[in-house]
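Position chain B relative to chain A; hints supplied.
Each chain is listed here by its residues.
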Amino acid sequence: MNLFVTAVVVSHDAEEFFAATAKAVAGQTRKPDRILVVDSSENDNNFSREISVAAGFDYVQVASNSKLQDSILAAIDGAYQPGHWLWLLHDDSAPEPSALAELVAAVEISPSVAIAGPKLVRWQQPRIISQMGLTLTPSDAPFSPISDHFDQGQHDDVDDVMAVGTAASLIRLDVFEQLGGFDLQAPLLASDIDFSIRARLAGHRVIVVPKAKVQHAELSLRGQRQRRWLGASPKTSIRRASIHLRFAYGRAFWLPFFWLFLPLTGLLRAIGQIARKRPDFIWAEVSASFWGFVTVGRRISSRRNISRTSKLHIRELKVLRATGTEVRAHRRADVERAEAIDNLNAFDRGDIDGLTGSISRGFLDTGGFWWMLALAVASFQWWPRDIALTAKGIIPLSATWWDVFMRAGASYQPIGLGFYGPSDPFAWVLTGLAGLTFWAPSLSIAILVFVVKPLAFIGAWKLAAQVSNATWIRVVAGLGFAFWPALALAQQEGRLSALISGLLLPWLTIALLRVAQLGKTAKNSAKSWTWVATAGLLTAMVGASTPNLVPLIVVVIVLLAIFRVRRFGYLIWVGLPIAAIFGPTTLFYVVGLAHPLALLADPGFAEPSAGAPFLSLAGLFVCGGVAMVALFALLRKRVGAAFIGWALVLVALLAAYIVACLKFPAVGVGQATLETVNGSPSALLIGVGLALVILVAIAVDDIPARNARRLIASLTAALVVIPGVALSFTASPQLSYSDGRVVPSIVEAEATQGSNLKLLELTPSVDSSGKKRLAAELVAGDGVHLDDLSLAYRFSISSLAGQKYSRIAQLVADLVSANGTPIAGRLQSEHIGYVLVPNGASAELADLGVALDSVSELETVGTTDFGRLWRVREPQQATAVDPSSPWSITKGLQVAILLGFLLMAIPSRTSRRRGSEEIFIESGEDAQ
Amino acid sequence: MKRIIALALVVLGIASLVWFAPKFSFTVGELPKADTLKVKAQNLSLICPGGAYQTGGASGTKVGAFAPVGNPEVNSDFNGPIGTSMVVNGSQLTAIDPAGMAEQNSLLLNANQIQSVAADGLSGLTGSACQPASNNLWFVGGDTSTGRESLLIVKNPTKVDSTVSLEIFNQRGKITGSGMTGISVPAGKTTVIPLASYVPKTNTFTTHLISHGGLVAAWLQQKTIRGLATGGVDYVSPASEFGTTQVIPGVFIRGSADAAKLSKNPDYADLVPTLRVFVPGSKAATVTAQVLGSTPKTYGTVVRQTIAGGTTADIALPGLQDGDFVAMVKSDVPIGSAIRLHRVVKSKVDFAWLIAAQAQSNPVAFSVPTSGISKLSIANPESSPIDLNLVQAGKAPATFKVPADGQLTLTFAPGAKVQISGGAKAIFGNLIVDVSGSIAAIPLVDYKNAGGQVDVMVR
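Same order as they appear, the protein sequences are chains A and B. Residue numbers for the first sequence follow the working numbering, so the first one is 1 and each next one is one higher. Residue numbers for the second sequence follow the working numbering, so the first one is 1001 and each next one is one higher.
Only chain A is shown next, with the shape it has when bound in the complex (with noise of 0.2 angstroms):
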């Protein structure tokens, strides 16, 4: 058969390939009866034009926005006589000298064959097939079998496929005006699919010729080419080539149901690209749900263009289809092909230290947990003999972890007599650290606390061990840093926020140096955004606890990115849950009230902390054996590691001088002794203590002089660990624990039965001026917890005087002084059901007791644990709800941004199946 090729070279704006395409074309052993170019570049250098010209091809030119259907109609200009084919091009597919020879050979032997593509391979690797045929997948979404296979023929011997791309496919003309063309309402990605599968509709045979190959540079599915081509990005345009190809070959009965619910399944979707790592696909699966959403009616009306000329049903084409098996394989070879290929771009810049040296022993290899245990035994005073601690820093939470929930985020504060103001940050870590035990909310603070060392240990084992392979050095590092004096009293002093950012320190390190492929485990970046989330939340998690490390996160992360420029991609996102839950409260303290500063202080309990030196004579004896030993670091190999390290380690101290040296007020809802309390060095010392043992690490690692190593040791163990354990065994924690309760137990159960009392809490303070005065707090009947304080309301506290404050102030004023002034009425419209005054020997207590007493609208109840406690004797409980929600848009976009992230760093499935699978095998304590 004498068939007629007429080829078409599609050129838009790919000059360099396609004036290799051109030269492709013209090099074809079995030559196109006629070759036309039509260009519809933007720009005007008539660089195809030339070229063309010059190889003696036809050219036409049409407009820049012309679509490939007007190309193609442009081309054949109505020639669709039996017997002529188009061969069609892109400007990115050069074909091999055989390419046309083959396909029109197939063509021949085949008369039932209408459209012939061949086999697609990698513009630089002709190697890799990029795509042998297309077909849908059970789900009605187009798939591509076999892409970046390494070509060993074998898959040569594929014939019958379900569709084939429009790149140097050989489409029979008289076929292709049967059919109408390419579909003119599917995307673009689609229409080719499209158009083979209508072609097989129609009776005819769609095949692949694997001997004939194009090298195809997809410069559209990569991005190369200007947005207007695709209409979208690449990711959007292959979702809504999705949502076409499934509205036009689904089942009808479905497709409302599928309309009805596409929004909500982008939404699900987008999730799902979470939870694969692949956070870029969110806005594609969002904005291409809400495409086919809106368009609808143009997605129905290609069903009528394919019923048009269809003999057969899509059913019947199921044996060409992907099965689901075939689906997932061939997603699991991607993700591992991925990250073979990402290994080995790692090994080629020599990241992966650990392959060419000695390969480390685990953890637990190395008898870390036994290390754990006998710390855990060690820490045996802050046992939990309850399921709530308090401390001098830590009061209990919410009964319920949904209580807990319900202040992270909010806009509304039910405390003191109601404020509008964002919730702080902190609010989100206690809901964490609060599900961990969501029985009992505070059982998680007291298991914290309890388990302090041994998670400082292995937190410090494991920072340690990306810079030593040595197990005792490691093990000398969790050490150390377990007994870090200011990470010692801040366990016993109970500042749960300093130890909180304390144990996450050595975890946030390691991730951010996973993000920045540092170290010697660095991962391959297949796991970057499992990095980058974890970066990203133990950021938030330890900014939101220690507002004061921020500033020094920030620099860490800036370095990196100076250092790792490549890297920045990745580590930009690393700060977005810290800036989501940080934004409310930094745009309220910056512009509403004018005090920036207010973001360094410290969230929780109000609590007082030394100034400089911060530590006790014995605590400083301690710190400075480590620092000894450390400075060693200096004179070692890895001297600019050394001095990075040292360089933060001042910053750290210069910034902890600092924080102690600024004020804030601590009046507010759960303080009632201090006016003002000072910043809290506390997290930036515990990080000094980090960097330090690291620097330790770093100074005895890989000493050369085998002889010393043990006295080395010996050495280095009676500096760094010896003298903080000793001085640990003289601590004695100042802590209690309880059932939970922060309001006696009368109180509680009041509340617990659907009460809305309020508690009014009256406690004789001194201000700074030395004038006494009465601290009066209006609380819910269930009390002030952890969860209920609010920095925004310390810092709002001076500017909320109202009529309503003045009210309860008279009576207070009045209570006090029992001058028998009727204040019934004003309990009940305050809706105040008990009276409550602290314990204490002082005289002012006891002169409020005697008022209190004395009071005929008040009986008293007793002594409880928290106070004298009187009761309103003809209370009045609130009618009117309170309005305010506790949910808000931001707290919406937080938790998205939050859940995000964690759904991002949770290893995917296919990581955790790697084991023994993986290429390289890292150092031993991280593989898993």
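Hints listed in this document are in silico derivations from the structure and should not be mistaken for laboratory results. One thing to keep in mind: the hints can contain errors.
[As the list claims (entries may be wrong)] Mimicking SDA-like on lysine to any residue, the simulated pairs with C-alpha atoms at most 25 angstroms apart in a straight line are: (1) Lys1062(B) with Pro1194(B); (2) Lys1348(B) with Gly1147(B); (3) Lys1038(B) with Ser842(A); (4) Lys392(A) with Ser1025(B); (5) Lys527(A) with Arg337(A); (6) Lys1417(B) with Gln1392(B); (7) Lys772(A) with Ser1134(B); (8) Lys663(A) with Ser1025(B); (9) Lys637(A) with Lys1002(B); (10) Lys1040(B) with Asn1362(B); (11) Lys1033(B) with Ser842(A); (12) Lys318(A) with Ile300(A); (13) Lys1375(B) with Gly1051(B); (14) Lys1023(B) with Gly624(A); (15) Lys1040(B) with Pro764(A); (16) Lys1023(B) with Pro596(A); (17) Lys1174(B) with Asn1136(B).
Chain B alone, transformed into the frame defined by chain A:
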């Protein structure tokens, strides 16, 4: 070289931090201010003991019943400004001050009562200052040995029920026993508590009363019967604030010769003036009591004793002849003290419990009973004399010198309304009343209720 430079830089950095870090303090944000509110003080209300209580009720035979007998003589003085008034409700006197403008002290209202009791088994002169209600009262006095009766009379003048707890400390320490807590004193009622229920046959003890709920006023009514003869009755008034120096003025010894004769009878062995000392803390007190005479002819005495913490001790003060004395009791730790003083006229015996006087730094007013002879004993524990300014209604103001480490006795006409002050110095006084050879002691008390300004910080 690179390493040495790095090391030098780090060491330099550390040194700079240690030596050059400037000291500063910066407050972020505004500190909240408390609302300063004017509040009206509680109306000054004084509660008097009322008639002495007789065991056995009105019939004297009903077990566990106590009934007041007789009508005491209440002497009061009200000097309220315009707009104020005094309301008498039973044994309660209240200065009504709707505007809350009047300064509250004894100049506004003071009151005391005396009662010559002559009932079956109850005879003698009782006297006491009327007192504002309180929740914490100490009674250094009392005796429940054979023939002695100690009744704690607790009045609740408020509208709030009160629950009273007792702590009793004898020679050996704190008494433990059932029924000492949760003693109910309903609003507006009086509860009489026989202390022999808790400390039977005990001649030395101190009682601590703590009330919860409504405030109470309380007195310890002490009675003596020797065989079939009555041996006197009096109130032990609430003790003044404990301290390392206690001054007990008004130790007027009369009939010492008769007392000496009677003392030969074992039933009258307790006629010797006795100092009772209570050491409230856990630390032992070394107590030195000086009994100083008012004239060179009245010789006093000095006793010294160590008393264990948490115990009560009686120290006899023998050898005191007739005369006016003042006791200065000093200790190395805070103590409470009182003196039991007998008045013997031939075979008739009465007694009084003189509590350590409250230091009066401001002018204090009192009313002199219309019965008997009333003498005010003013003591000066300082080493320099004090000018005592005295104002009596209808008389010209006068000034007297109270000698250093001594006392001054002033006799007043019955019914006199008196105001005294020691200028800038504190004075200590007890009013001793003698009605027909019976004796009673009325302490000088200043009164004050909280009022004025209250700073409230609502959070």
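Verification of the hints:
The hinted pair formed by Lys1062(B) and Pro1194(B) meets the criterion: a straight-line CA distance of about 14 angstroms does not exceed 25 angstroms. Distance restraint check for Lys1348(B) and Gly1147(B): the Cα-Cα separation of roughly 16 angstroms lies within the 25 angstroms cut-off, and the hinted pair is therefore satisfied. Proximity of Lys1038(B) to Ser842(A) is assessed by CA-CA distance (about 23 angstroms); at most 25 angstroms being required, the pair is judged to hold. Note on Lys392(A) and Ser1025(B): the hinted pairing holds, with a Cα-Cα distance of about 23 angstroms set against a maximum of 25 angstroms.
As the CA atoms of Lys527(A) and Arg337(A) are separated by approximately 13 angstroms, the hinted pair is consistent with the 25 angstroms bound. Taking the CA atoms of Lys1417(B) and Gln1392(B), the gap is near 6 angstroms; set against the 25 angstroms cutoff, the hint holds. The suggested pairing of Lys772(A) with Ser1134(B) holds, with an alpha-carbon distance near 23 angstroms, which does not exceed 25 angstroms. For the proposed pair Lys663(A) and Ser1025(B), the alpha carbon gap of about 7 angstroms is at most 25 angstroms, so the pair holds.
A distance of roughly 10 angstroms separates the Cα atoms of Lys637(A) and Lys1002(B); the hinted pair therefore holds under the 25 angstroms criterion. About 22 angstroms separates the Cα atoms of Lys1040(B) and Asn1362(B), which keeps this hinted pair within 25 angstroms; it holds. About 23 angstroms separates the Cα atoms of Lys1033(B) and Ser842(A), which keeps this hinted pair within 25 angstroms; it holds. The suggested pairing of Lys318(A) with Ile300(A) holds, with an alpha-carbon distance near 22 angstroms, which does not exceed 25 angstroms.
This hinted pair checks out: Lys1375(B) and Gly1051(B) have alpha carbons roughly 23 angstroms apart, not beyond 25 angstroms. Proximity of Lys1023(B) to Gly624(A) is assessed by CA-CA distance (about 23 angstroms); at most 25 angstroms being required, the pair is judged to hold. Between the alpha carbons of Lys1040(B) and Pro764(A) the distance comes to roughly 19 angstroms, so the proposed pair stays at or under 25 angstroms and holds. Taking the CA atoms of Lys1023(B) and Pro596(A), the gap is near 22 angstroms; set against the 25 angstroms cutoff, the hint holds.
Our distance criterion of 25 angstroms between C-alpha atoms is met by Lys1174(B) and Asn1136(B), whose separation comes to about 17 angstroms.
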